[in-house]
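Student: Taken in order, these protein sequences are the chains called A and B.
Take the position in the first sequence, starting the count at 1, then add 587; the result is the number in our numbering.
Take the position in the second sequence, starting the count at 1, then add 546; the result is the number in our numbering.
If you are wondering where the hints come from, they were derived from the structure by calculation, not from laboratory data.
We treat Cβ as the ideally placed atom computed from N, Cα and C, and that holds for glycine.
Among these hints, one or two may not hold up.
[Unchecked claim] The calculated lysine-lysine pairs, modelled on DSSO-like cross-linking and capped at a C-alpha distance of 30 Å, are: (1) B/Lys620 <-> A/Lys815; (2) B/Lys609 <-> A/Lys815; (3) B/Lys549 <-> A/Lys726; (4) B/Lys549 <-> B/Lys678; (5) A/Lys729 <-> A/Lys719; (6) A/Lys729 <-> B/Lys549; (7) A/Lys954 <-> A/Lys1078; (8) A/Lys874 <-> B/Lys678; (9) A/Lys782 <-> B/Lys678; (10) B/Lys678 <-> A/Lys896; (11) A/Lys778 <-> B/Lys678; (12) A/Lys782 <-> B/Lys620; (13) A/Lys883 <-> B/Lys549; (14) B/Lys678 <-> A/Lys883; (15) A/Lys726 <-> B/Lys678.
[What the hints assert, rightly or not] Taking CB as the label site, the calculated pair distances span: (16) B/Lys550 <-> A/Asp720: 56 to 62 Å; (17) A/Glu877 <-> B/Gly569: 31 to 37 Å; (18) A/Ala1139 <-> B/Gly569: 29 to 35 Å; (19) B/Gly698 <-> A/Pro1083: 54 to 60 Å; (20) B/Pro589 <-> A/Pro663: 36 to 42 Å.
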Amino acid sequence: MSKLTGAQILLRMLKEEGVDTIFGYPGGVVLDIYDELARTDLNHILVRHEQGAVHAADAYARVTGKVGVCLVTSGPGATNTVTGLATANCDSIPIVVITGQVPTRLIGNDAFQEVDIVGITRPCTKHNYLVKDVKDLAKTIKEAFHIARSGRPGPVLIDLPKDVSIAKTSFKLPDDIALRSYNPTYVPNRKQLQKVVELLKKAKKPLIFSGGGVILSRAHKELDELAKRNKIPVTSTLMGLGGFSGTDLLWLGMPGMHGTYRANMSISECDLMIAVGVRFDDRVTGKTDEFAPHAKIVQIDIDPTSIQKNIQVQVPVVGDCKISLELLNQMIAQEDMDAFEHHLWLDQIDNWRKTTPQVYDQKDVIKPQYVIEKLFELTKGEAIITTEVGQNQMWAAQYYHFTKPGRFISSGGLGTMGFGLPAAVGAQVAAPDKLVVDIAGDGSIQMNIQEMATAVQYALPVKVVILNNGFLGMVRQWQQLFYDRCYSSTKLQHTPDFVKLAEAYGAVGLRATKPEEVEKILKKGIACNNAVIMDFVVEPEECVYPMVPAGAPISKMLLV
Amino acid sequence: MTKKHILSILVDNEPGVLSRIAGLFSGRGYNIESLCVAETNEPLVSQITMVTKGDSAILEQIKKQVNKIINVIKVADLTDQKFVERELVLLKVNAKAEHRAEILRITDIFRGQIVDVGQEHFTINITGDSEKITAILTLLKPFGIREIARTGSIAMFR
């Protein structure tokens, strides 16, 4: 049996797990791994900040459905991954982050670049490991990938001390993983599903409320069948966008704080809610006591902790979204189809759509919504959109109508500013032939702007659309609406010239200041083969509407 | 309704597992009243007995969240089931000559043992469920309790 070093075992196991791309940043204790990496055909993307590596791996995972992988050094390299890990943890994204660690004999001695990263990341990973013996390494890596991608997916961290990456041991492929303490339930209880069928038969105002779970389990076809065959309208959380076609007549738009009128009203009036792969986040529910007050709620989720946490549901179904919907569709198919008639409900929804559409008023200053709407038209909804966080993210969600899963890459749960650009880098690596656009604000783009250098170095033609309003717009909006326009620390008094900045990075910089320039600049930017920053100087005090004030019931929307 | 619950949790006997559980409780604002950890007859498995408080919705979340931790093998809620519970307490109580007979009598009634005697104190060892422990502490309090060491509950289905 051949003897391999820890570094060799690590890279061998990554290959075994189907990894072809790593996002990373080298440092002292991972030198041996990087040295070995140079002799493999693994594609390594050198980012400019470790946080960028994690977001890129996260987006890579969201686009490909594979596990994203990061490699960073100990100490600050490791702590810089924390925001990325928490982001992936909130959004249930499968990534494996490998951090170097000081040699085992120095652990606990406050050595140079030592932190207890396993301790630090315990609450923001699905699981994590410190590997102290090279003999455990292969099995640990296999286990880490298994945990990251199975059940409700999530980030897993492996902390690898330098001496373990140097130590040699005889290598043999580990056996299949069998963890007695971890066995996610994929196949739901049929009795529970039968209850759903019975409820559906009686329902006059049914509604499907889908979420990120549908995207993660690739259940969009089954969801489509459930909705269309039974004519049930669909609303999706931010994380669920693209799980159902955003241009379909049964589509209601997103619900919640910045949801559409018809989505929020449908939730408030429905008599049956089939919730699939959602966790009833406070940004969706508003005041929980008045959430779906007339509805029997069915909740399908692979994670039992998501059920009965924020909202009490009548029919819990623990299982994989895809398998559960597939079974549910089969069971419905055996029923009398006429039982599922509810045209009055559909008429009512159509009425809401007509009386209270989502609107903005495009006059002489560029409206941010107009930029997104034009982008949607020009790309025919085929682009992969990443977003930063704030108003830009909400307008992207409202005005770019996602028709397929894996096209909307956004930090939903954690709301991480600075996510969009590194995510665009990761998405472009994952889908080299696709158009990848980061919809950004002038605030959050500056949180990870350094990744422009990564995009240019690897000739990744990502397009950054900056909706430049000179403010930290979402916080400013709250100050305008709820703090008497006291714009405390939200005016960005000085912002770099993004066109020159793009050029300094070796990318292309474009700017539009008038509405009539928007389409031209977008076309020019999209057609460009390089990385591009498009700076749109937009209405400074535009707000995202509708808006449900924090803690209010979602039926109480501010419409303009 | 808030109620005391005794959870018996089987976990992988690995470093950091207790920290995962304790971190979950502090991070989510759950309450730990007492905690007891030791290896089981299977060396790869440890048992944690935890006393916690909460209404039924919180308890349901606690059990699910604890179960979700990768190193947790099993969570059992002993409350409302048939179980035996024991706690061990060492207590050092003032014992002047005129009180010694009375303290000895109380100790005897509770089937405790005097494990150390000083000039002016006894050290008493008591085992029992938490009600019994509370009862003897109440009785001995007037003499002046100098120091207490309690294990927290351990429990098992009958």
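Student: For every hint, state whether the structure bears it out.
Tutor: Quick rundown of the hints versus the structure:
1. B/Lys620 <-> A/Lys815: Distance of about 41 Å is beyond 30 Å: violated.
2. B/Lys609 <-> A/Lys815: Violated. Lysine 609 of chain B to lysine 815 of chain A sits at ~38 Å, over the 30 Å cutoff.
3. B/Lys549 <-> A/Lys726: 42 Å, violated
4. B/Lys549 <-> B/Lys678: 19 Å, holds
5. A/Lys729 <-> A/Lys719: 16 Å, holds
6. A/Lys729 <-> B/Lys549: 42 Å, violated
7. A/Lys954 <-> A/Lys1078: Holds - the C-alpha atoms of lysine 1078 of chain A and lysine 954 of chain A are around 18 Å apart, at most 30 Å.
8. A/Lys874 <-> B/Lys678: 45 Å, violated
9. A/Lys782 <-> B/Lys678: Violated, at roughly 48 Å.
10. B/Lys678 <-> A/Lys896: Status violated; Cα separation ~36 Å.
11. A/Lys778 <-> B/Lys678: Given pair lysine 778 of chain A, lysine 678 of chain B is violated - Cα atoms ~46 Å apart, limit 30 Å.
12. A/Lys782 <-> B/Lys620: Answer holds: lysine 782 of chain A to lysine 620 of chain B is near 29 Å, not above 30 Å.
13. A/Lys883 <-> B/Lys549: Judged against 30 Å, a Cα distance of about 29 Å means the pair holds.
14. B/Lys678 <-> A/Lys883: Judged against 30 Å, a Cα distance of about 47 Å means the pair is violated.
15. A/Lys726 <-> B/Lys678: Violated - the C-alpha atoms of lysine 678 of chain B and lysine 726 of chain A are around 48 Å apart, more than 30 Å.
16. B/Lys550 <-> A/Asp720: 56 to 62 Å: Given a distance of about 42 Å, which is not inside 56 to 62 Å, the answer is violated.
17. A/Glu877 <-> B/Gly569: 31 to 37 Å: 34 Å, holds
18. A/Ala1139 <-> B/Gly569: 29 to 35 Å: Because 33 Å falls inside the window, the suggested range holds.
19. B/Gly698 <-> A/Pro1083: 54 to 60 Å: 58 Å, holds
20. B/Pro589 <-> A/Pro663: 36 to 42 Å: Because 38 Å falls inside the window, the suggested range holds.
This entry does not satisfy hints 1, 2, 3, 6, 8, 9, 10, 11, 14, 15, 16, going by the numbered hints stated previously.
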